[in-house]
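Chain W: place on chain Z using the hints.
Chains as they are written, first to last, in the UniProt record's numbering: chain Z, 1 to 287; chain W, 1 to 330.
What the hints contain is simulated information worked out from the structure, not anything from laboratory work. All C-beta atoms, glycine included, are put in the ideal place defined by N, C-alpha and C. A portion of the hints provided could be inaccurate.
[What the hints assert, rightly or not] Per label pair, the in silico range of CB-to-CB distance:
1) W:Gly-312 x Z:Trp-195: 22 to 28 Å
2) W:Glu-131 x Z:Ile-134: 57 to 63 Å
3) Z:Glu-23 x W:Arg-199: 49 to 55 Å
4) W:Arg-199 x Z:Arg-22: 48 to 54 Å
5) Z:Thr-16 x W:Lys-173: 35 to 41 Å
6) W:Arg-68 x Z:Arg-116: 25 to 31 Å
7) Z:Leu-17 x W:Gly-34: 50 to 56 Å
8) W:Arg-68 x Z:Ile-117: 30 to 36 Å
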Amino acid sequence: MSTTVTEIVAPARPGTLKILLREPAAAVSLTLVVLVILAALLAPWLAPYDPFDTDLMAVMQPPDGKYLLGTDGQGRDMLSRMLFGLRVTLAMGALSLGIGGVIGVAMGFAAAYYRRIDGLLMRLADIMLSFPAILFGLAIAAIFGPGVTAVVIALAVATVPLMARIARSTALVVLGQDYIEAARAQGMGDARLIWRHLMPNCASPILVFATLRFGQVILLGSALSFLGLGAQPPIAELGAMAAQGRTFLFFAPHISVIPAVGIFVVVLAFNVLGDALRDALDPRLRI
Amino acid sequence: MNPLLEIQGLRTVFRSANGDIPAVDGVDLSVPRGKTLGIVGESGCGKSMLSLSVMRLVPRPGRVAAGRVLLDGQNLLDLSEAGMRQVRGGQVAMIFQEPMTSLNPVHPIGLQIMEAMRAHDTKASNKELRERGLAALDRVRIPAAARRFDEFPHQLSGGMRQRVMIAMALACKPKLLIADEPTTALDVTVQAQILDLLRDLQMETGMSIILITHDLGVVAEMADEVAVMYAGRVAERGTASEIFASPQHPYTLGLLGSVPRLDEERAELLAIEGAVPPPFALPKGCRFEPRCPFAIAACRNAPPPLEEVAPGHYAACIRAPVEHSLDLAA
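In isolation and in its complexed conformation, chain Z is listed as follows (with noise of 0.2 Å):
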């Protein structure tokens, strides 16, 4: 016995980054975190001087021809130092938020599999969110010393109770839907379950709440390192360059303000394209 079966074919959806790029603010941002992170990798080719050099005839120069960002106090190239600068901001926003939402993922992902530690695992979450995470930089900074890498193991302890959160609650929606248990019903084991159902479709949120999280890491990290805690001089790094110059903030006020508004831009490019990431991810409002 043989029978006929219709096909219906579903036209084909416009792809994430299609819809990303219809919103002219997401476009924006989007082209910023390219072009910050370009700029960030090839600082060593793009400055134009070297970042430690100091030029004592030249000091706190403003913006001319020739140092394009002026010199700060030791007259060193603003410009290159920036470029630098970056490097070690989204290094240590990258490295921390690495480190602390792979943690978080694992986290989440076993409290809501494993229901029996899931109590024990969220309430060790919550006692990790009630802690400040500038304060606890600071209690890291006491313990290692200053430095970045305080700096990272901050954040990233910081950023784990709240990936944790994020990744539990979309791993308990998507645990629930038909194709896990059909995928049990076929006698597919845990880890296999976790690897090929669990995490592709937890993906979305997590990776939009990494993106918004990663301009707060930037920001948190360049606020422990104006504060001191972070990168030591003479290591160029945006919130350690503001702080540096900020004694010299009325007759020289671009020392610290072109660190201070390249953090901005950064932080802000992080923020819009995360929340654009988050619209175009959603398969409700995909047409």
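Just chain W now, kept in the frame of chain Z:
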């Protein structure tokens, strides 16, 4: 020949603040080899929980509290979790009611079929699995299988997705297929196609099927044997022809009376008055007694045992056989 699956005294309960609430309460059933057992009952009668109990996939806080589930003489309830994983999909497969949500939206269907095979075959190369996956799609009569293989679930219609689910379920040649309302979410014409397909595949492979449904038409078409469930218990069971020709339990009578038929003059459909008792407030005696038009005082005393009323035909009703009571009521 001994039956493929034997369920003995199965009891599945859900833990609550007021003690254990039974969803399946002392069910005995058997599934003959190569045949179809239809399990009928209304929502909440425990038919889905029964099938999940066989698969040992009862969601928390539920658990199988008592009984045995013998597959080829092996009690599935005694197996380790790893052993049970081998049974799931390998020897007993399952298809679900909602083909629209039973496939993972982020993977192409071909990959999902390959995954289902991979769960029971870690040695085969991906190329081999792909070929077997394509053959599986062909077998469930999906046209242009090679093209469909790399498509995503949202590109397929409901009937097609249910075909994919069937292909996945049969990927490892199970001895038993549990189909939990496989056609409920589909259009009537597609329903017929899927049922045809299941029947043909059964002929081809000789597998047994447990068909869970609330649609008596589907049961009449597909089942060799029928079990009618009510409030977590089997009310009546026997061969399909027996059940449809001479139903002995008042609940079965009510179910059959509520189906419109073309071949009979009937002014109105019979409806069973009232609703299923909630599982936390079950009557002490016969669970159907509050709604039963034939109930007598004795029905309230104790749950009636499942007794043979005709060879191979069992009913849990102290008033069975009902022919004479039926005359009285009419």
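Within 22 to 28 Å or not, the Cβ separation of Gly-312 (chain W) and Trp-195 (chain Z)? Taking Cβ atoms as reference, Gly-312 (chain W) and Trp-195 (chain Z) lie about 48 Å apart, which means the hint is violated.
Looking only at beta-carbon atoms, does the pair Leu-17 (chain Z), Gly-34 (chain W) fall within the given range of 50 to 56 Å? Holds, at about 53 Å.
Thr-16 (chain Z) and Lys-173 (chain W), beta-carbon distance inside 35 to 41 Å? Since Thr-16 (chain Z) and Lys-173 (chain W) have Cβ atoms about 39 Å apart, the given range 35 to 41 Å holds.
Cβ distance range 30 to 36 Å for Arg-68 (chain W) and Ile-117 (chain Z), holds or violated: holds (32 Å)
Taking the CB of Arg-68 (chain W) and the CB of Arg-116 (chain Z), does the distance hold inside 25 to 31 Å? Roughly 27 Å apart at Cβ, these two residues keep to the hinted range, so it holds.
CB-CB spacing for Arg-22 (chain Z) and Arg-199 (chain W) relative to the 48 to 54 Å hint: Holds, at about 50 Å.
Confirm or reject the claim that Glu-131 (chain W) and Ile-134 (chain Z) have a C-beta distance inside 57 to 63 Å. holds (59 Å)
Within 49 to 55 Å: is that where the Cβ-Cβ distance between Glu-23 (chain Z) and Arg-199 (chain W) falls? Check passed, 53 Å falls within 49 to 55 Å.
Violation of the numbered hints given earlier is confined to hint 1; every other hint is satisfied by the structure.
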